[in-house]
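Just need the whole structure built from these sequences, with the hints factored in.
Residue strings, one per chain:
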Amino acid sequence: MKRRHWVRLDNASNIFPAARSDVDPKVFRLGAELDHEVDPALLQAALEETYERFPLYHAVLRRGVFWYYLQDSDLQPEVTAETEQVCAPLYWADRRTLLFRVVHHRRRVSLEVFHALSDGTGALWFLTDLLSTYTRRRFPGEAPADDDAAEQVRPGANECPDPSPAQIGTHPGAQAAEEVHELTTDSFAHYFRGRRRRRDPSSHEQDFTREAAPAVLTVQEDDAPQDQWAEDAEGGTPGSSRPPRRRIHRVRGTRTPDNRTHAIELTMPAAPVLGLAKAEGVALTMYLTALFFEAIRRTDESAHTTSTMAASVPVNLRQFFPSTSARNFFATIRVEHTYGQGDDSPGAVARHLQETFSAEATPEALERRLHRLIQVERWPLARIVPRPLKDLLLRLINHANNRSLTVAISNLGRVTLPAPAQSHVGRMLFHVSAVRPQFCAISHDGQLTLGFTSPFVETAPVREYARLLTDAGVEVSLAAARTTEEELAGVDA
Amino acid sequence: MRSCTDCSLQVEGDWEHCPLCGSVLHGTEPGGPGAPGPYPAVPLRFSRRRVLRVLMLTSLGVIVLSFLAQLLFRHDAESLGALRSVWLGIVATWLVVLMAVSKRRNLAKFIVYLVVAAGGVSVYWDFLTQWSGWSLTYVVPIVCSASIIGLLITVRVVRMELADYVVYSGLTVLLGLTPIMFLALGWVEVAVPSVICGALSIAVVVLLLTLRGGAVRHELATRLHL
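Protein chains in written order, with my numbering: chain R, 1 to 493; chain U, 494 to 719.
Read the hints as simulated data drawn from the structure, not as lab findings. This one's a predicted model, so the numbers in the text were calculated from it and none came from an experiment. We put the beta carbon where it would ideally sit given N, CA and C, even for glycine. One should not assume that every hint holds.
[To be verified] What follows is a list of derived Cβ distance ranges for each label pair: (1) R:Thr80 <-> U:Leu655: 57 to 67 Å; (2) U:His568 <-> R:His399: 49 to 59 Å; (3) R:His399 <-> U:Asp657: 40 to 50 Å; (4) U:Val683 <-> R:Glu486: 38 to 48 Å; (5) R:Leu274 <-> U:Met592: 52 to 62 Å; (6) U:Val557 <-> R:Glu301: 44 to 54 Å; (7) U:His568 <-> R:His304: 34 to 44 Å.
[What the hints assert, rightly or not] Below, a list of computed lysine to any residue pairs in the SDA-like style, where the Cα atoms sit at most 25 Å apart: (8) U:Lys602 <-> R:Ser302; (9) U:Lys596 <-> R:Gln71; (10) U:Lys602 <-> U:Met494; (11) U:Lys596 <-> R:Gly342; (12) U:Lys596 <-> R:Asn259.
Right, here's the structure in full:
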């Protein structure tokens, strides 16, 4: 019998299998629009080639008594025509399936990934590799002389392997470091445990609280310097990192008829929007976030003039702590704004958000936060807590965390693809299944695409968002997936 | 590409109406009006609304049939005995749950429905078990009084517009007056519950008319407008 390699699910990822639900299957989609109808046979060949280069993507997720773990598999991925809704579920307990899928529809190629496997940046490496392999096969004349182009997009794929398991703790299943190097790299452990003196290197594979990190990461301890908020802190113990008890405005609505993610995308030229953000003196992400707050405030009757809105914004930790791991390696920063306390124009809100964000997104601040988290996570008692109980705890943490958020935002930034792909790919797309309104931004080829997702049928916030942009002179085009019963009337299974 | 003049944006795909605001789109795509969009139309796996409607109708059917089925059995205790109580108890609870779910947006209305359903079921139950008058003597007056008190509390606790509850409060109070009629017709053996219920109702009617008389007249005029 073959002994399969396995790795315990890493720090940031455990929340995803625990918190997934019918409404939010914790799947995200990265897509690219080509300049021609996709050739399924070539895409399949390209997928097989790419698949061989990414051992992590061979993984299936399994449940142990105490932990989830990723196990190597012999499964082969298949390219399919798009027949399911955006961000359809990818993981079912007890079913051994790959944790990603590649679908195509007309000119689009989409990669959908279960979030426990990888984050946006990691998945973008896979998609980039897939697209450049595909375009090299589709346009053989344009292929660059050497094949390094494909490799350079994934930082140090084989030339610069991640630290060997010996440096970061090993277990019996991971002797073959070369073969499964993605499967054995836990970036969190590598960067944030390295300086700690370890008494027992093998033991830290099993610390419970580490799994809670993604939810706990969003907790901020010093986001409210204003005096009027001082009373909020009275109830908490000194130095605790509890979020303030202020009520955060939450968007409510009618669920979609079959729990599918409601996906709408707005495409616009990137330059004018960047110009708008620059004119306000803020980064694009915070400007877009402030616009979202404004759009919700304008359309939601229950949003009072003094309500507080909060957003969670993931930060790619690879920018601060260079890593070549494709596993989840991000921290989320929570930013919020209370209306009715001064200038509430989108620009002013964006500047306020930017202040909080910039203070939190420094390497020092992130390192401090994560070191503290890891200390908490190494609490030994938690290791013997069975997984179902941990799932329950994580679900509760996730639920509490959701209550303190109005929206979530994710920005993958500007993408550059290697040579043949760059000229044949137009805009790129990014959607995340969501339990609350959310948008994801990605830009390529001078076009910025905002992928709005929501569990609700209501479109008013997106409508208002588009109006805010068009009023500012930005040309916006809209594409949407049919979602409501009226929109899908006459479409039979 | 088609465009929505209200939202002033371009819409990709074969949409007739703007997916954001619902207004009719103008213009056509170069490839003709039916040019498909970047997303396939994925049929619904199920529709929550339809699932709920089927569940609701099936439940109502089962409840009605259960009540009717009681007529097939003799009215004495030997026929069904305790089984009838269990059966009717479950069915009545089910009915209350259904009403609570479907009327959850209007608590005042739910209370009226509850009083009518609880009163009706208990009278029927009494009739099925060799009529001894317990429903009219005890259940109806107690349910009516309790609902009036419940309504007073609800109105205090839940933020409700006067216009939203005033009519149903009026109906609840009028229902509370029916035990006085039972008393007058001599249908009850013990008078105390009916007397308390009637007195409470009259007191609330007087209060309602003196304090909120204008609003009541306005609402009635609005709703009964021919």
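(request) Would you list, in rising numerical order, the hints stated earlier that this structure does not obey? (result) Checked against the structure, the hints that fail are numbers 3, 4, 6, 7, 9, 10 and 11, while the rest are satisfied.
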